[in-house]
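Given the coordinates of chain A, work out where chain B should sit on it, guided by the hints.
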Amino acid sequence: MRIGLFIPCYIDAFFPEVGIATLKLLERLGHEVVYPRDQTCCGQPMANAGFNAECADTEALFVRNFSGFDYVVAPSGSCVHHVRDNFDAIEQTPEVKEVRARTYELVEFLHDILKVDAFPWARFPHRVGLHNSCGTLRQLKHARPSELHEPFYSKPMDLLSKVEGIEFVTPARPDECCGFGGTFSVFEEAVSAKMGYDKVSDHARAGAEYIVSADMSCLMHQQGCAERIGVPIKFIHIAQILNGASA
Amino acid sequence: MSTHPEQSNDDGSKLHPEPVAHDDDAMLRDGRRLDHAEAASKPLRSRPEEQPRGAKIRGNRPVDQVEAAARFIAAPEHEKMHDERLWDLRQKRDQEMHGIPEWEELRTLASAIKEHTLTHLDEYLEQFEANARSNGIHVHWARDAAEHNRIVHGILSDHGAKSLIKSKSMLTEECGFRPYMASVGIEVIETDLGERIQQLDNENPSHVVVPAVHKLRTDVAEVFARTLGTDPGNSDVHYLAEAQREANRPLILAADAGMTGANFVVAETGSFVVCTNEGNADLSANVPKLHIASIGIEKLIPRLGDLAVFIRLLSRSALGSPITQYTSHFRGPRAGGELHVVLVDNGRSERLGMAEFWTSLKCIRCGACMNTCPVYRRSGGLSYGATYSGPIGLIIDPTFNARKYSNLPFASTLNGSCSNVCPVKINIHEQIYAWRRELVNQHEVPLAKKIAMKAAGALLSRPAAYRAAIAAAHVALAHLPRFVIYNRLNAWGKHREVPHPPKQTFHSWYKANRGGNHE
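Top line first, the protein sequences correspond to chains A and B. Take the first sequence: its letter number 24 is residue 24 in this note's numbering, and every next letter is one higher. Take the second sequence: its letter number 143 is residue 143 in this note's numbering, and every next letter is one higher.
Just so you know, these hints were derived from the structure itself, not from any lab. You can take every hint at face value.
List time: in silico PhoX-like cross-link candidates among lysine-lysine, alpha-carbon distance up to 25 Å:
id, chain 1, residue 1, chain 2, residue 2
1, B, Lys362, B, Lys404
2, B, Lys494, A, Lys234
3, A, Lys24, B, Lys503
4, B, Lys511, A, Lys24
5, B, Lys404, B, Lys56
6, A, Lys162, A, Lys141
7, A, Lys141, B, Lys425
8, B, Lys503, A, Lys234
9, A, Lys115, A, Lys141
10, B, Lys92, A, Lys141
One chain only, chain A, in its complex shape (with noise of 0.2 Å):
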């Protein structure tokens, strides 16, 4: 299987380790990843504002940089969530169409993809509160929201359920939006940092050492505002810890 790593652009320029996780992760279970060095983004930040007709370049450059592979994985729900659903600003072609359909974030991959059922070399005796971003929650669908009358079910879950000596904490609204939903961060300060100091508080009253997520936008989002207001809990994304990483 060759599969063609796609490291959205604020994990390449911030958390590098949270791509070389993910490279490792995928190489350590047998298959060939290939990381394509033209790559930039998904063209979801313009998207999300309403320019779509700003994304045709980037869209077009994503196709050209991930055609071919048998799958494209992203350690991102949001940006993936863009691909899948809204990647419409060039045209549809069948080599457009079949890049789209190949790319999984990275939780869904492993869980439903390569159907992983063993992480024995991951350890991470902490205390964790786990934060579903709200792209891979309601729109990947990796766990059952809330809001829904429906079985309950959580890939990220399942996932992490298979790493030794890790706790579960539960915060009172565990699928709350943390505030930053990529250019709201900025255009919205306000309610934005508000929802953010929200929910380090909500985690941190539940215990948590950690908050860990698929998508490190939002954890980048929430280091922000829990370093601002003094809440001292530390941040890890899951790649990392199924990865082996020890703290």
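The following block gives chain B in isolation, referenced to the frame of chain A:
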């Protein structure tokens, strides 16, 4: 899994500023009020936190929701109460949902009934009109707000009516009905407690179900002291509720005419249904001899049998209660009375023709999307500066005025919780996203945003330029002094720390460590 240590304290009702359902418990057998601690305690500080006011309206200029929301957050007692009170409603809604095994089927059914009705609206409207007329109801048609107001004024004039009691109606808010009535010299008295508070304070409702939910009881005390002459230092909820009742009941008894809205209109029976918790619509409809009902044309359902689906969903979604206290059916005039129905379009037909937005007409105005919206809960409904606030407002308001409400679809993180709680399955967050595209296409977004997005699109589609920009940003973040990063121009850094730039990007790590293996 450990349980949340503070869950036992997480009781939003403690912050409830309005009379709650447990009021009866407070009455002792001998008729004296139980002087319990919550109602009687007064804050130690001398002045209560002032109520943050809503968005500043400047004619047709785009409403600045961001500015108003920031002021709401800057009033922490109001923001905390508002957030917790509405989250409490959301939790109660969840509890009710879990008591109904077929909940998701009900939502699907309600959505299908509404979509069917809306796609056959002309037929059902005519069926309703014919049946209502044969029941003795006078049926009027209003193309827009102005025609609605003129028709109602005409009916009132025909009867020489000078005062009108009415129950809460978002449609009349849409029509600017109260200001119009004031201009023609007819006194309007709201009978819903929350709406009456808002009327006395000369403020719009901030929520479609709980119109004064943004007010603390100290705010209500201030309004009543100013308008009803109550003791400004007394914010006891019983005292305030009784003072309002004492002042309002004589006006209700003396009114010349009554007005209600309608929650549902049944085509097959020519009847309509009004749901309230205070019974105030029944006062409006039954005390005076003349009853006028103003109804949006999207309120139709085909059969009486369809009603049960919506009644089961409405109050559970809205307040987390199984049903409203009153579900009143009106089929014809009372003996010696007159019943008029005004069917109002006011932009609805046009909305029905919008491919991406017509399903917003399925809305039954339960407010569940507002209660669950994390942005709404922290901004207050008045920050939207429009008749409809919260998620449903973001997709309805621009249909009335795309320029004035052009900022609203951006007041969302697109988290999608609104769509999941919607009892008629409106894809609210997808319509918010679609409105952003639509507003950009109509050139209703600020130029600065446009320039920034064009620049982003250009940079992100050119790998070499992009790499250079990342490197420069890293150098900047690593070396700039703090006061340069955390200034007023940096929206990220105003209330948050910026990310710590790592020693190298993933890109450069990969190049250094996996140089040979690339495409």
